[in-house]
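Trainee: Protein sequences, first through last, are from chains Z and G.
Residue numbering for the first sequence follows our numbering, starting at 1 and increasing by one per position.
Residue numbering for the second sequence follows our numbering, starting at 1 and increasing by one per position.
Source of the hints: derived by calculation from the structure; they are not laboratory data.
A couple of the hints might just be wrong.
Stated by the list, open to error - Computed footprint of chain G on chain Z, listed as stretches where at least three residues anywhere in the stretch have a Cβ under 8 Å from a Cβ of chain G:
(1) 71 to 79
(2) 82 to 91
(3) 267 to 278
As the list claims (entries may be wrong) - Straight-line distance between alpha carbons at most 30 Å, and here's what the computed DSBU-like set of lysine-lysine pairs gives:
(4) G:Lys163 with G:Lys218
(5) G:Lys191 with Z:Lys31
(6) Z:Lys270 with Z:Lys196
(7) G:Lys163 with G:Lys191
(8) Z:Lys26 with Z:Lys196
(9) G:Lys218 with G:Lys124
(10) Z:Lys270 with G:Lys14
(11) Z:Lys270 with Z:Lys26
(12) G:Lys14 with Z:Lys26
(13) G:Lys124 with Z:Lys270
(14) Z:Lys202 with Z:Lys31
(15) Z:Lys30 with Z:Lys270
Said to hold, decoys possible - Using C-beta positions, here's what the derived DEER-type ranges look like:
(16) G:Lys191 with Z:Leu131: 29 to 39 Å
(17) G:Val44 with Z:Ala97: 37 to 47 Å
(18) G:Ala110 with Z:Asp266: 25 to 35 Å
(19) Z:Lys141 with G:Ala110: 50 to 60 Å
(20) Z:Arg301 with G:Val37: 37 to 47 Å
(21) G:Leu62 with Z:Ala148: 58 to 68 Å
Small disclaimer: the values here were computed from a predicted structure and weren't measured.
Even for Gly, the Cβ is constructed at its ideal location relative to N, Cα and C.
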Amino acid sequence: MQTIHIYLIIAGSVLAVAGLTIAILKWGLKKNAEHAWHAFRGWLIMIPLVIGAILLGRTATIIFFGIVAIAGFTEFARATGLYRDWLITGWVYLGIAGITIVTLISPPGETLIGWYGMFMALPVYVVAGILLMPILRDKTKGQLQLIALGIVGFIYIGWMFGHLAFLANGRNAAGAILFLLFSVPLCDVAAFTFGKMFGRNKMRPNISPNKTWEGSFGALLVGMALPWIFRFSLEGFGTRELILAGLIVGVGSQLGDLSISVIKRDIGIKDMGALIEGHGGVLDRIDSLVYVAPLFFHMTRYFVGLA
Amino acid sequence: MDEWDYQPTADFDKTPLEKLSTFPRQPDMFVYGVRYVLHLFVRVWMRIYHRFRIVGREHLPLDRPFALIANHASHLDAITLLSALPLAQIQRAYPAAAKDYFFTTMPTIAFSAIVMNAMPFDRKENPRDSLALCRELLETPGHVLIIFPEGTRSPNGELGAFKPGIGFLTAGSNIAVVPCFLDGAFRAWPKGAFIPRPRKLTLRIGEPMTFAELAPDKEGARMVAGRLRDAVVSLERESLRGIES
Numbered sequence: 001m002q003t004i005h006i007y008l009i010i011a012g013s014v015l016a017v018a019g020l021t022i023a024i025l026k027w028g029l030k031k032n033a034e035h036a037w038h039a040f041r042g043w044l045i046m047i048p049l050v051i052g053a054i055l056l057g058r059t060a061t062i063i064f065f066g067i068v069a070i071a072g073f074t075e076f077a078r079a080t081g082l083y084r085d086w087l088i089t090g091w092v093y094l095g096i097a098g099i100t101i102v103t104l105i106s107p108p109g110e111t112l113i114g115w116y117g118m119f120m121a122l123p124v125y126v127v128a129g130i131l132l133m134p135i136l137r138d139k140t141k142g143q144l145q146l147i148a149l150g151i152v153g154f155i156y157i158g159w160m161f162g163h164l165a166f167l168a169n170g171r172n173a174a175g176a177i178l179f180l181l182f183s184v185p186l187c188d189v190a191a192f193t194f195g196k197m198f199g200r201n202k203m204r205p206n207i208s209p210n211k212t213w214e215g216s217f218g219a220l221l222v223g224m225a226l227p228w229i230f231r232f233s234l235e236g237f238g239t240r241e242l243i244l245a246g247l248i249v250g251v252g253s254q255l256g257d258l259s260i261s262v263i264k265r266d267i268g269i270k271d272m273g274a275l276i277e278g279h280g281g282v283l284d285r286i287d288s289l290v291y292v293a294p295l296f297f298h299m300t301r302y303f304v305g306l307a
Numbered sequence: 001m002d003e004w005d006y007q008p009t010a011d012f013d014k015t016p017l018e019k020l021s022t023f024p025r026q027p028d029m030f031v032y033g034v035r036y037v038l039h040l041f042v043r044v045w046m047r048i049y050h051r052f053r054i055v056g057r058e059h060l061p062l063d064r065p066f067a068l069i070a071n072h073a074s075h076l077d078a079i080t081l082l083s084a085l086p087l088a089q090i091q092r093a094y095p096a097a098a099k100d101y102f103f104t105t106m107p108t109i110a111f112s113a114i115v116m117n118a119m120p121f122d123r124k125e126n127p128r129d130s131l132a133l134c135r136e137l138l139e140t141p142g143h144v145l146i147i148f149p150e151g152t153r154s155p156n157g158e159l160g161a162f163k164p165g166i167g168f169l170t171a172g173s174n175i176a177v178v179p180c181f182l183d184g185a186f187r188a189w190p191k192g193a194f195i196p197r198p199r200k201l202t203l204r205i206g207e208p209m210t211f212a213e214l215a216p217d218k219e220g221a222r223m224v225a226g227r228l229r230d231a232v233v234s235l236e237r238e239s240l241r242g243i244e245s
C-alpha cells in the first residue's frame, strides 16, 4: 500500500468518527456542539483539498501551497494594515510567486528538480526590493513599520512556509508533507486535550491565556511519539532523525501557534481572517506549519537528503 | 519609543462573500486587477459588437465627483455607462443596484461587486441609509455614482417616470448630475432575451447640471427629477435627429 493511501484511510476514519461524534452530541444528546460542528465543516473542505492537490502530483502541490501562502500573507497584510501600501504588498506577492516558480523549475542547465539555490537566494532580492520602496517614494514617516511588516510577511509566510512546498521536490515528497500536515494538528489537539484534563499552570498568560504547561508537555509527548507512529512515511529516517522530527513537531508547532498569537495580540484581534469556517483565517490554521515546515525541511535535507 | 500603529483594514475579519456584499468595499488588489482586465475586454467588445459611440464625452466633469444618470432599458446600460468613463475611473465608479436583486446569491454578488463594482441600494428596508451612502460617495473626490432614476428597466424601451431619489441627493447641493441618453440598448438586449444582439449603441452625454437653488425637500426633489427627465428627453430628441454635439 502506498503512503498516501494509508493517510487517506486515516483521514477518512478520523473525519467519520469526528462527524459521528458531533452528530450524536448535536442531534442525539441535544448538546451545544456548534463550534465543533463549524470546525468539522472546515476540515471537511480543507482535507480533500490538500489531499487532492497531493494526489494530483508535484506541480499541483507546489501551486496549492503557493496559493495558501498568498492567502495567508493577504490576511497578515490586511490585519496589520500593510495592505494599504500596494507597492510593498504587491512586491511581496511577486516574491511569493517567485518562490513558487523557483520551487517548480530546475536550475538553468541542470536536471535537478526545484531550483534550490535561487529558493535560498530569493529573500535577498525581495528584501532589497522592499527597502527600495520608501526610497522610490522619497518618504520616511512610518516607513520602517511598513518595511518591517513587508519583510516579516515575506520571510515568515512566503519563504519559511514555502519550504513545505519545496518538500514536494524530494524523493519522499508525499510522505514527508503528509506527515507534517497530520502531525502538526494532532499536536494542537494533544495540547488542547492535555490542557483540559491536567491544565493548572498557565504557560504564557499574556500571549495565550488558555495554554498551560501541562498541555504543552502533553503536546511534546505526542509530538515525540508521532514520527515513530508515522515511520512508514519517513523514508530513510533513523533514530536520530525520528527524535529530531519529534522535537521539531512537538516544540515547533506550539511555538508557531504562539508566534501568530503574539502578532494577533499586539494588533488586538482575535482571528487573522474568516476564510475557513470554524477556524478563522488561513493563518490561524497554518500558524504551526509555518514554523515547523522549514525546521523539518532543513533537518531532513541535512541528515537524510531530499533528492 | 512610540507604539506601532496597526490599522487593520475594515474587512480583514470578513469572509470573501461578506467582503463583496458590504459597502463601501475595501480596495482589493485582485478584484481591481480582474475588474480592470474584464473592462478592457468589455470595451473592445462594445466597440466591435455594438459599434459603441459616445457623443459629448467632453461634458464629463472628471475633476470632481458626479452622478451619471440615464434611461434604463436593458442589462447593458450600466456596463455601457461604465465604458464611457476613463478606464482608470472604473474602480471608483459605482452603479447603484437593487440589493434585493443583485446582491442575493453568490454568483450575482460576485458579478455585481467584482465586474460591475455596484453599490447595493437597499430600496426595500433601508432606502434612507442607502441614500446617505450615496451622498457620502458624491462628496468624496474622484467618485462617480451611476443611477437609473426610473428605478427599474423599462418594459418597452420608452422612458418612464423618474423617482425622486436622485433629487434627495442633489437638491440644494452643488453635486453635479450628468444626464445621458443611451440609444439602442433596448433593441440590443430587451427584457427576456438570452444574450445581447449585435445592435448599435450610442450614448449621448449632456452638460452637467446642479440644483443648489432648489430646496432640499420633497418638492425640490420632485423638481430635480422632472428637470433631469426633461434633459434626458431632449437628449433623446437630439439622438433621433442625429445631431452631433
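Trainee: It remains to establish, for every hint, whether it holds in the given structure.
Mentor: How the hints compare with the structure:
| no. | hint | result |
| --- | --- | --- |
| 1 | 71 to 79 | holds (count 3) |
| 2 | 82 to 91 | holds (count 5) |
| 3 | 267 to 278 | holds (count 9) |
| 4 | G:Lys163 with G:Lys218 | holds, 11 Å |
| 5 | G:Lys191 with Z:Lys31 | violated, 51 Å |
| 6 | Z:Lys270 with Z:Lys196 | holds, 21 Å |
| 7 | G:Lys163 with G:Lys191 | holds, 21 Å |
| 8 | Z:Lys26 with Z:Lys196 | holds, 21 Å |
| 9 | G:Lys218 with G:Lys124 | holds, 19 Å |
| 10 | Z:Lys270 with G:Lys14 | holds, 12 Å |
| 11 | Z:Lys270 with Z:Lys26 | holds, 26 Å |
| 12 | G:Lys14 with Z:Lys26 | holds, 26 Å |
| 13 | G:Lys124 with Z:Lys270 | violated, 35 Å |
| 14 | Z:Lys202 with Z:Lys31 | holds, 29 Å |
| 15 | Z:Lys30 with Z:Lys270 | holds, 28 Å |
| 16 | G:Lys191 with Z:Leu131: 29 to 39 Å | violated, 57 Å |
| 17 | G:Val44 with Z:Ala97: 37 to 47 Å | violated, 27 Å |
| 18 | G:Ala110 with Z:Asp266: 25 to 35 Å | holds, 34 Å |
| 19 | Z:Lys141 with G:Ala110: 50 to 60 Å | violated, 38 Å |
| 20 | Z:Arg301 with G:Val37: 37 to 47 Å | holds, 40 Å |
| 21 | G:Leu62 with Z:Ala148: 58 to 68 Å | violated, 38 Å |
Violated hints, listed in ascending order, are 5, 13, 16, 17, 19, 21; each of the other numbered hints is respected by the structure.
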